[in-house]
Amino acid sequence: MPISWGEGRVAVVTGAGNGLGRTYALLLASRGVKVVVNDLGGGHTGEGHSGGPADKVVAEIKAAGGEAVANYDSVVEGEKVVQTALDTWGRVDIVVNNAGILRDTSLSKMTDKDWSLIQDIHLNACYRMTKAAWDTMRKQKFGRIINVTSAAGIYGNFGQTNYSAAKLGIAGFTFGCAREGASKNIKVNVIAPLAGSRMTQTVMPPDLVEKLKPEYVAPFVAYLASDDCEPSGGIFEIGAGWIAKLRWQRAKGAFFDIASGPMTPEMVAEGYATVEDFDDGEAEYPESTQDSFGPVMEGLSKL
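So the sequence shown is numbered by the working numbering: it starts at 1 and just counts up by one.
Heads up, some of the hints might be wrong.
[Claimed, not checked] Keeping only pairs whose Cα atoms sit at most 35 Å apart, straight-line, the calculated DSBU-like set for lysine-lysine is:
{"no.": "1", "residue 1": "K141", "residue 2": "K245"}
{"no.": "2", "residue 1": "K80", "residue 2": "K62"}
{"no.": "3", "residue 1": "K252", "residue 2": "K80"}
{"no.": "4", "residue 1": "K213", "residue 2": "K113"}
{"no.": "5", "residue 1": "K139", "residue 2": "K211"}
{"no.": "6", "residue 1": "K131", "residue 2": "K62"}
{"no.": "7", "residue 1": "K80", "residue 2": "K113"}
{"no.": "8", "residue 1": "K62", "residue 2": "K184"}
{"no.": "9", "residue 1": "K184", "residue 2": "K245"}
{"no.": "10", "residue 1": "K56", "residue 2": "K113"}
{"no.": "11", "residue 1": "K139", "residue 2": "K80"}
{"no.": "12", "residue 1": "K141", "residue 2": "K56"}
{"no.": "13", "residue 1": "K213", "residue 2": "K62"}
{"no.": "14", "residue 1": "K80", "residue 2": "K141"}
{"no.": "15", "residue 1": "K131", "residue 2": "K141"}
{"no.": "16", "residue 1": "K62", "residue 2": "K211"}
{"no.": "17", "residue 1": "K302", "residue 2": "K213"}
{"no.": "18", "residue 1": "K56", "residue 2": "K302"}
{"no.": "19", "residue 1": "K113", "residue 2": "K62"}
Everything labelled a hint here was simulated from the structure, so no lab data went into it.
Construct all of the structure, not just a fragment, from the sequences and the given hints.
Shown next, in the form of structure tokens:
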């Protein structure tokens with residue numbers, strides 16, 4: 001059954017001059033969405049700039065009969081990127097926060113610039129892009145925001161403490177935005193895509209990069225951007241035609257006797273095996289801060 005992107009929908013796709021972003025922009029445009037193709041045109045480590053990549057994608061979209069305009073601003077200046085959509089078409093319905101760079105190095109060798117630049121281009125830019133579109137989406141009572149995390153953010157990765165921190169921050173930002181946007185039909189999700197790109201070329205064999213096509217990821221992004229999108233506040237791993245939603249799992253945990261006397265480090269050491277026991281059939285799947293507080297309140301009730 002065909003799904004809809006609504007008449008006159010406008011999308012902003014960051015980092016859309018190459019790789020995944022380009023593929024997202026082309027697919028959305030093919031479905032009638034007007035697209036701001038944002039790309040600074042720099043390298044994968046953040047140096048340089050050029051209008052060429054964004055211009056090329058805009059030309060591809062127009063040649064196929066779609067509508068698009070280029071934007072060359074840094075995503076750190078999210079208000080300028082979003083303003084291009086507002087100036088051109090008077091609205092913004094979809095934001096895909098795809099732009100990213102790498103500054104991979106071990107923590108012992110990391111510089112403040114390596115850290116700060118990654119936070120700016122990933123986490124801070126995600127905030128600024130979303131913030132710039134937020135009020136318009138609230139007034140429209142419609143918005144679709146797709147943010148991008150990474151397996152490095154979810155699980156951690158050697159040599160990427162800066163990137164891992166920013167990417168997990170984006171996940172938390174997404175969860176909060178989804179709750180704030182719910183009453184205004186603003187749906188916000190986050191994906192951890194695995195596809196061949198300039199960034200994955202630095203950590204994957206060339207043959208694997210070639211096989212992991214962005215076209216295997218883009219359809220899910222387009223779905224999350226559609227009027228028919230159902231999930232919000234979800235985190236998804238995706239690649240090679242596979243899509244899976246993640247959720248938090250928590251061990252049942254151990255209650256220590258705080259009513260009979262002081263709780264001690266020795267008590268913790270003795271009962272620690274239960275703290276991390278996920279195999280007792282009583283693991284839980286918390287979904288909110290209220291779920292987080294539940295066991296704590298239960299512990300207090302025993303005092």
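| field | Pair hint outcome, K302 versus K213 [Cα-Cα no greater than 35 Å] | value | violated (55 Å)
| Given the hinted pair K252 and K80, is their alpha-carbon gap at most 35 Å? | violated (47 Å)
| task | Assess, step by step, whether the Cα of K184 is no farther than 35 Å from the Cα of K245, and give holds or violated. | result | Answer holds: K184 to K245 is near 24 Å, not above 35 Å.
| message | Checking one constraint from the list: CA of K131 to CA of K141, max 35 Å. Satisfied? | response | Holds. K131 to K141 sits at ~15 Å (cutoff 35 Å).
| task | Please work out if K139 and K211 have their alpha carbons no farther apart than 35 Å. | result | Violated, because 42 Å separates the two Cα atoms, which is more than 35 Å.
| Do the alpha carbons of K56 and K113 lie within 35 Å of each other, as the hint requires? | holds (31 Å)
| Are the Cα positions of K56 and K302 separated by 35 Å at most? | violated (66 Å)
| request: Could you grab the alpha-carbon distance between K113 and K62 and see if it respects the 35 Å cut-off? | output: Violated. K113 to K62 sits at ~38 Å, over the 35 Å cutoff.
| Is the Cα-Cα distance between K139 and K80 35 Å or less? | It holds: about 19 Å lies between the C-alpha atoms, which stays within 35 Å.
| field | 35 Å limit on alpha-carbon distance, applied to hinted pair K62 and K184 | value | holds (32 Å)
| field | Pairwise hint evaluation, K62 against K213, where the allowed Cα distance is 35 Å at most | value | holds (23 Å)
| For the pair supplied as a hint, K141 and K56, is the alpha-carbon distance within the 35 Å limit? | With a Cα-Cα distance of about 33 Å, the restraint between K141 and K56 holds, given a limit of 35 Å.
The structure fails hints 3, 5, 17, 18, 19 (numbered hints given earlier, in ascending order).
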